[in-house]
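S.K.: Residues per chain are reported as follows:
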Amino acid sequence: MHGFDFEIIIRTAPYLFTVGLMFTLKLTVLSTIGAIILGTLLAIMRLSSNRAVSAVAGGYVNLMRALPLILIIFWFYFLVPYIVGWLTQAGRPIAVGGFTSALITFTLFEAAYFCEIVRAGIQSVPRGQLDAGYAIGLSFRQVMSYVVLPQAFRKMTPLLLTQVIVIFQDTSLVYVLSLTDFLGAANNVAQRDGRLVEMFVFAAVVYFLISYAASRSVKMLERRSNAAGA
Amino acid sequence: MIEFKNVSKWYGSFQVLNDCSISINAGQVVVVCGPSGSGKSTLIKTANALEPFQKGEILIDGVSVGARKTNLPQLRARIGMVFQHFELFPHLSVMRNLELAQVKVLGRTADEANQRGRSLLERVGLSAHMDKFPGQLSGGQQQRVAIARALAMDPIAMLFDEPTSALDPEMVNEVLDVMVDLAKEGMTMMVVTHEMGFARKVADRVIFMDEGAIVEDCSKDEFFERPEELSDRAKLFLSKILTH
Amino acid sequence: MNYNWNWMVFWEMAPDGVHTYMGTLIQGLYWTVGVSIVAWCIALLVGGIVGVFGTTGNAWVERFCAGYVELFRNVPLLVQMFLWYFVFPEVVPARLGEFIKTADPAWSTFWTAAVCLGLFTSSRIAVQIQAGIRALPAGQPMAATALGLTRPQVYRYVLLPLTVRMILPPMASEALNLIKNSSVAFTIGLLEITGAARSMQEFTFQIFESFAAATVLYVAINIVVVLLMRYLEKRLSVPGFIGQPR
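Chains as they are written, first to last, in our numbering: chain A, 1 to 230; chain B, 231 to 474; chain C, 475 to 720.
Everything labelled a hint here was simulated from the structure, so no lab data went into it.
Predicted, not measured: the structure shown is a model, and the values here were computed from it.
Careful: at least some of the hints might be erroneous.
[Stated by the list, open to error] Looking from chain C toward chain B, a few residues come up when the C-beta cut is under 10 Å (computed):
(1) Pro611
(2) Ala617
(3) Leu621
(4) Thr624
(5) Val632
(6) Pro635
For each residue, glycine too, the CB sits at the ideal point set by N, CA and C.
Between the sequences and the hints, there should be enough to build the whole structure, so can you do that?
M.R.: Here it is in structure tokens:
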């Protein structure tokens, strides 16, 4: 095997990080925010005593969790323009751009996973807490916002953070839309300069370092919050 | 039969056993009692090498427990142990629980193991449950099966680690009765327990431990008939547990 | 809006001239199931070994097993797939590399995907097994040891049977994850379900029909696996044990 070409990595690193990694991080952060909000909503719906509401939420979550992310990426990539066209009465599909499509996809997809985490968290809060909240006169929304959800989230934080790391890794799949996330950028360089080995190894190393550092931080956070008597 | 010679054990820098020496002859029943944290459970677990120890020596029928060349599985097969939480194997039926070690460790045939298992189940009064699973039995029943499981190995001695502490009060006697019968048949027994009624009935000696050390080691009569000669710590402990 | 629905497109001939589009999708199903089964076997074997050895208490072995798990869980699956497909043939001894590169592409993509998916999933299975073994009450291995069973016997007759029953539900979801992850293999050219649907979409422009078919297939596989797991749970169930009726 001919020598490993470090020079190309050094030369293209600025591009990889400022374009590729930025895209990845933006997608990760924005879809996380959206997915947590939607996921929490779905969790509350699933726990509702209204059969129809919980069935709808349950059906959505089960469907999302049964399908591969790549397939869902394709679905939304083609579906969203039609929906936007229909919503705006344009009569034809409106192009929305790769990033937007990916953002919608990841938000809707990961929301199903966050839903399950939040649901478990809510169910782990003792029933007595809910009762106590009602007993002092709080409404459902108030009990949820001030009593149940804060406790649930405190317990779930490590799991939520771990899911964020999963999202960070999942974003690499936008490759199938030829978007320029970190892997996409590395791939561009690899194809253009014929340096597949160097670029993919470098991409793997960077993903590894970021994910590993993030998961160690989560573990440390967990340990500290356990020690504080959470 | 069982000899502890100056046994000491540390967890890190914390000493859990302090120079313990006990001699148990064949056929003797020795009861070990003491407050929690006194090291009595740890001590009994060193006897079959479930817990390692750093100083001293333990001899089972002349075989050194700590020696490197000792075949531990074979040694353990000769000593039976009964645990506080029964520890029957939940995925195996009662019969299989009794047969497993007979076949795998002693090399008995399936039939021999089955026969032995049946006769022991009958002895502890549980023949009807032989195909049931541990999850379907009460605590007292499980513990009796656990005793049968240990006896199935035809041990030369039996170790009991707080065998009735995890049982509801109404089930304690069914287990103690089995143990009393065992003692009367001449089994060498080392029993960690708070059940002083049992000690009074069948113990030959009573050992009191506190903070990792053996404070009292005297005959049953001395322990119960002449309590004023006991150390203060033993007296204090006795007064606390004898009130019920 | 101007989308022409055409559900009959499934019966039109695909560009390869041999299969209808329905045929290519069924071919895709075979590839998906095939690569998943092979990968699952690899995952169970390797993951089982790593998981069990990670609990033996030997510091170096445990560290190695932990490292193995971290390696596979911190790199995205797609990147791993590319490493196996593009990089692996370059870094192995020349003869093996040549063999891989000149092999029939259908099989080289299949085996590359199977090994990649298998090892990726093996790290997750190792974690499940370790968690299961550690969750067993400490008294169980102690009681088994007290009876005189050797270490391997303790694992074989007590720890593993109990652990397997305990981790069946998480294992079921790992199996489903594996099947979903097989879709990533389409990026290296394996014509499994997603790849077949994508190819059909590109040729016929019947976007929603193509992907709807893929969706139906994945949901069907999902249902089969869930039923299979439920059957397994029932077969292995022990009365009175962890949530089973007495």
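S.K.: Can we keep the C:Pro611 interface hint, with Cβ of chain B closer than 10 Å?
M.R.: Interface hint status for C:Pro611: holds (7 Å vs cutoff 10 Å).
S.K.: Against chain B, is C:Pro635 within 10 Å by beta-carbon distance?
M.R.: 5 Å, holds
S.K.: Does the nearest C-beta of chain B fall within a distance shorter than 10 Å of the C-beta of C:Val632?
M.R.: 5 Å, holds
S.K.: Does the interface hint hold: is C:Leu621 within less than 10 Å of chain B, judged Cβ to Cβ?
M.R.: Since chain B brings a Cβ to about 4 Å from C:Leu621, closer than 10 Å, the hint holds.
S.K.: Let's test the interface hint: is any C-beta of chain B closer than 10 Å to that of C:Ala617?
M.R.: 4 Å, holds
S.K.: Does the interface hint hold: is C:Thr624 within less than 10 Å of chain B, judged Cβ to Cβ?
M.R.: With a closest approach of 5 Å, the C:Thr624 hint holds.
In summary, the structure agrees with every hint in the numbered list given earlier.
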